[in-house]
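Number of protein chains: 2
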Amino acid sequence: MRTDCHVCRAEGLAPRAQVLITAGERRVQATLFQIEGNLLAPGEVGLSEAGWKLLGVEEGDQAHVSHPPNLESMSSVRRRIYGNRLDGVSFEAIVNDVVGGRYTDVHLAAFLTASSAMPLDEDETIHLTRAMVAAGDRLDWKAPIVVDKHSIGGLPGNRTTPIVVAIVTALGLVMPKTSSRAITSPAGTADTMETLTAVDLDLATLRHVVEAEGGCLAWGGAVRLSPADDIFIRIERVLDVDTEGQLIASVLSKKIAAGSTHVVIDVPVGATAKVRTDEAGRSLGERLVKVAAKFGLTAVCLQSDGAQPVGRGVGPALEAHDVLAVLQGAPGAPSDLRHSACTLAGAALEIGKIAKPGEGYAAANAALEDGRAWQKFQRICMAQGGLRVPPKAAHMRPLRASRAGRVVHMNNRKISRLAKLAGAPDAKAAGLRMEVRLGDEVFAGQPLLMVHAETLGELAYAFDYAEQSVDIIQVES
Amino acid sequence: MRTDCHVCRAEGLAPRAQVLITAGERRVQATLFQIEGNLLAPGEVGLSEAGWKLLGVEEGDQAHVSHPPNLESMSSVRRRIYGNRLDGVSFEAIVNDVVGGRYTDVHLAAFLTASSAMPLDEDETIHLTRAMVAAGDRLDWKAPIVVDKHSIGGLPGNRTTPIVVAIVTALGLVMPKTSSRAITSPAGTADTMETLTAVDLDLATLRHVVEAEGGCLAWGGAVRLSPADDIFIRIERVLDVDTEGQLIASVLSKKIAAGSTHVVIDVPVGATAKVRTDEAGRSLGERLVKVAAKFGLTAVCLQSDGAQPVGRGVGPALEAHDVLAVLQGAPGAPSDLRHSACTLAGAALEIGKIAKPGEGYAAANAALEDGRAWQKFQRICMAQGGLRVPPKAAHMRPLRASRAGRVVHMNNRKISRLAKLAGAPDAKAAGLRMEVRLGDEVFAGQPLLMVHAETLGELAYAFDYAEQSVDIIQVES
Numbered sequence: 012m013r014t015d016c017h018v019c020r021a022e023g024l025a026p027r028a029q030v031l032i033t034a035g036e037r038r039v040q041a042t043l044f045q046i047e048g049n050l051l052a053p054g055e056v057g058l059s060e061a062g063w064k065l066l067g068v069e070e071g072d073q074a075h076v077s078h079p080p081n082l083e084s085m086s087s088v089r090r091r092i093y094g095n096r097l098d099g100v101s102f103e104a105i106v107n108d109v110v111g112g113r114y115t116d117v118h119l120a121a122f123l124t125a126s127s128a129m130p131l132d133e134d135e136t137i138h139l140t141r142a143m144v145a146a147g148d149r150l151d152w153k154a155p156i157v158v159d160k161h162s163i164g165g166l167p168g169n170r171t172t173p174i175v176v177a178i179v180t181a182l183g184l185v186m187p188k189t190s191s192r193a194i195t196s197p198a199g200t201a202d203t204m205e206t207l208t209a210v211d212l213d214l215a216t217l218r219h220v221v222e223a224e225g226g227c228l229a230w231g232g233a234v235r236l237s238p239a240d241d242i243f244i245r246i247e248r249v250l251d252v253d254t255e256g257q258l259i260a261s262v263l264s265k266k267i268a269a270g271s272t273h274v275v276i277d278v279p280v281g282a283t284a285k286v287r288t289d290e291a292g293r294s295l296g297e298r299l300v301k302v303a304a305k306f307g308l309t310a311v312c313l314q315s316d317g318a319q320p321v322g323r324g325v326g327p328a329l330e331a332h333d334v335l336a337v338l339q340g341a342p343g344a345p346s347d348l349r350h351s352a353c354t355l356a357g358a359a360l361e362i363g364k365i366a367k368p369g370e371g372y373a374a375a376n377a378a379l380e381d382g383r384a385w386q387k388f389q390r391i392c393m394a395q396g397g398l399r400v401p402p403k404a405a406h407m408r409p410l411r412a413s414r415a416g417r418v419v420h421m422n423n424r425k426i427s428r429l430a431k432l433a434g435a436p437d438a439k440a441a442g443l444r445m446e447v448r449l450g451d452e453v454f455a456g457q458p459l460l461m462v463h464a465e466t467l468g469e470l471a472y473a474f475d476y477a478e479q480s481v482d483i484i485q486v487e488s
Numbered sequence: 012m013r014t015d016c017h018v019c020r021a022e023g024l025a026p027r028a029q030v031l032i033t034a035g036e037r038r039v040q041a042t043l044f045q046i047e048g049n050l051l052a053p054g055e056v057g058l059s060e061a062g063w064k065l066l067g068v069e070e071g072d073q074a075h076v077s078h079p080p081n082l083e084s085m086s087s088v089r090r091r092i093y094g095n096r097l098d099g100v101s102f103e104a105i106v107n108d109v110v111g112g113r114y115t116d117v118h119l120a121a122f123l124t125a126s127s128a129m130p131l132d133e134d135e136t137i138h139l140t141r142a143m144v145a146a147g148d149r150l151d152w153k154a155p156i157v158v159d160k161h162s163i164g165g166l167p168g169n170r171t172t173p174i175v176v177a178i179v180t181a182l183g184l185v186m187p188k189t190s191s192r193a194i195t196s197p198a199g200t201a202d203t204m205e206t207l208t209a210v211d212l213d214l215a216t217l218r219h220v221v222e223a224e225g226g227c228l229a230w231g232g233a234v235r236l237s238p239a240d241d242i243f244i245r246i247e248r249v250l251d252v253d254t255e256g257q258l259i260a261s262v263l264s265k266k267i268a269a270g271s272t273h274v275v276i277d278v279p280v281g282a283t284a285k286v287r288t289d290e291a292g293r294s295l296g297e298r299l300v301k302v303a304a305k306f307g308l309t310a311v312c313l314q315s316d317g318a319q320p321v322g323r324g325v326g327p328a329l330e331a332h333d334v335l336a337v338l339q340g341a342p343g344a345p346s347d348l349r350h351s352a353c354t355l356a357g358a359a360l361e362i363g364k365i366a367k368p369g370e371g372y373a374a375a376n377a378a379l380e381d382g383r384a385w386q387k388f389q390r391i392c393m394a395q396g397g398l399r400v401p402p403k404a405a406h407m408r409p410l411r412a413s414r415a416g417r418v419v420h421m422n423n424r425k426i427s428r429l430a431k432l433a434g435a436p437d438a439k440a441a442g443l444r445m446e447v448r449l450g451d452e453v454f455a456g457q458p459l460l461m462v463h464a465e466t467l468g469e470l471a472y473a474f475d476y477a478e479q480s481v482d483i484i485q486v487e488s
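If you read the protein sequences in the order shown, they are chains D and F.
First residue of the first sequence? That's 12 in the numbering used here, and the numbers climb one at a time after it.
First residue of the second sequence? That's 12 in the numbering used here, and the numbers climb one at a time after it.
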């Protein structure tokens, strides 16, 4: 709005004030920015793209701007700031206001900080999880057992999901898997799957695929599963604050809303992974299992090696090539990715009563060996709209060892950053291909990884970073 | 920036990301918003008014946009979120980053919430106060005793400062008073004084006035006293969180930076005032005095009646008329305002060793009686650029009692809001004139207060609110 707008003056609206914009039946809460000059005529309001869409207005329509209604649930947040625990009704009111867009970033930061300064106890974690489930859509698959899979914290290249879905659905379980696109990582499962098939399915198509094949590998955007989660995660990322209670509510609310009855959770542990010690992983696992049980959800947590990327590729298409290699049993398929996928699929087969305890891994491995998983994967992709060939990058350049020695450390965070600078995930073919593993002996000048980019500019950009950061892959003589 | 800008893509800059903009030697940290369409040409960046000014750039200049440097001091904030107390070095780093504009609202909210969830202890309050003083300018008046005055929480109409300054400087104390403009209230001391004289003084003029008259009544904008305070207050207001430690650091950092050696603090106590009980007022007073002493600042806290507005007027010019009436000893001058001013001035005279203990009030009263305070006030105004006649509003309308009875309650917050809706503080003549006091017997239809406005539109606007809010002034039969 203009600084001299009579509404701003009369209502005392200052820059960054929250305002309620009403147009006909629709309303949206927004942050006010003010301008001088004639970009807006007197009495005119400019809107963000989201604002135009949410209000359903067009140029020249009338809108009414006023103070937003009082945010009642903030009194619960204040109570918690002052050291009181909250009940289910309070969490429900908070989450509803969050999902309704009535919390600004400042309110969100206060809520999340207050829930960290005095960590959520078990009851509160359950209340928050329940409120987050209730604030979104909830799917029902009319099946006694619906399995899901989750990995805590992105380890680059850890693209087990497509393989796990192929294996367990090939063996008869129902696994209607919806995944996200990358937010901060070089690839999400949806980004990788998009190089192999269509993932942008509406709910009807998604249901149809699952009915026909027992599973899917779709993007979750068509359904609003725990929408509060995405909002909280954005602020937690800014603050770099992530406490156990919030993490548990985040993971479980999505799974419960997705209609899962059984879930296998992968917990990579490593110095540059999200979970850094075995002990922390165990404690998190125990709490996850306990809270999940309150919602009738059977969870099993498996720790895995988070010291280095899994597989060779990092980036949508590069990971898809790894997935195909494992499914097709190709020579040179990354054995660590295969092993991780079989471990997780095996656990799913066991809790899903398809395999006896201790026999899940072998059953999963057999489904890969004899091609059943690869057959099933192709059928799912066909049902989603056809199998695609993942692209290959036009430009590649090796990052070479500066000296001879042994590979002693890999920095997962920097590896992710390098892949992103090369263009992933927007540039589907971009990313990295790892050429060494921890413990390998290398000679000076030996390629440690290959940077793939779609343009020479992005390749140069990534290399600028690689040459400044000595410890992406550490070699000691 | 444009969503398709190659910098956004290569750097992975998403909407609301923090960015560092560099132009020549200057740099500013900003929040990124993205647009589609052709308002910006490819490679162009749009800036806020503040951005243009801080960078000192013009249309067509080159700017470089990148990720901001890592915010090291947030690791201290995170440590405090997780329950650890902070030392002086940590508070210094935090406050420097805050004043340097490197904390977003999300970071600020986390810091303030973490300092509330586990309240600041005495050491931390001292560390924070010291860091806030150090982050701004600091004045030195070359006088052994420099007095100041502060009121906790705005009570409408409580405009004692001009009277206190006139009295104590007339009696020989040094009181270089700088005040703020209204932020959320219908008038700040600077707004009221601006209807009486020039308040927008640069530091040289301000020093000249104080040398000549022993005091001034200026706006504090020319000096950067505890600049972190204004930033914290903006976020605390959004959260409606205001803890004792923050409040103490806020009040004292401004006074210490202003070069004060002695300060009298008014603590209005009332149901709709900031401090609600005598006990809370006492405890706050004790902590204020204790922390002040650590900085060699002698503080005295006085509780006052915060049950209703002080004086008659609420709004810049209406309060100025009250101030003039008290200073001039006019018949009908508000006795409560006079009493409050004499109490505070008396305390200042006592701690400033001008009056013996117990004799300050009488000395202050005498300076009003015999015209010395009024003479001094005029001299200060002349030194600041001349005495002005406060304006009167073109439009007035009474808010009448809906029934006969006794005035039992006044809502200070709603009274402030009503005055603001009438146009205060931007419309200098706008606001309210209170026509009754608590305990008065009124007849149905008797004016409870008079709304003053500069335009009929604002008068109507205020009345809409007054007629919806039954309990601005409560009358019980």
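None of these hints come from the bench; they were simulated from the model.
Being a predicted model, the structure only gives us computed values, none of them experimental.
Do not take every clue at face value.
Note: identical chains are not told apart, hence a pair may lie in one copy or across any two.
[Stated by the list, open to error] Calculated cross-link-like contacts (lysine to any residue; reagent style SDA-like; alpha-carbon spacing at most 25 Å):
| id | residue 1 | residue 2 |
| --- | --- | --- |
| 1 | K425 | G456 |
| 2 | K403 | R390 |
| 3 | K305 | R96 |
| 4 | K64 | R13 |
| 5 | K403 | R245 |
| 6 | K285 | L24 |
| 7 | K425 | L24 |
| 8 | K364 | G296 |
| 9 | K425 | H78 |
To see whether the hints hold, each was checked on the structure:
Taking identical chains as interchangeable, the C-alpha atoms of K425 and G456 lie at most 25 Å apart only when both belong to the same chain, with a minimum of 20 Å there against 74 Å between chains. Within a single copy, K403 and R390 get their C-alpha atoms as close as 24 Å, which meets the 25 Å cut-off; across copies the closest is 82 Å, which misses it. Within a single copy, K305 and R96 get their C-alpha atoms as close as 19 Å, which meets the 25 Å cut-off; across copies the closest is 36 Å, which misses it. In this assembly of identical chains, K64 and R13 lie within 25 Å of each other by CA distance both inside one copy and across copies; the values are 22 Å within and 19 Å between.
Taking the shortest Cα distances, K403 and R245 never come within 25 Å of each other, neither inside one copy (32 Å) nor across copies (51 Å). Taking the shortest Cα distances, K285 and L24 sit within 25 Å of each other only across copies (22 Å), while inside one copy they are farther apart (42 Å). For the identical chains of this complex, K425 and L24 are inter-copy neighbours only, at 17 Å across copies versus 44 Å inside a copy, given an alpha-carbon limit of 25 Å. Proximity of K364 and G296 under a CA criterion of 25 Å is satisfied intra-copy only: 21 Å inside one chain copy versus 68 Å between copies.
For a Cα distance limit of 25 Å, the shortest separation of K425 from H78 across copies, 15 Å, qualifies, whereas the shortest one inside one copy, 44 Å, does not.
Comparing the model with each earlier hint shows a violation of hint 5 alone; every other hint is respected.
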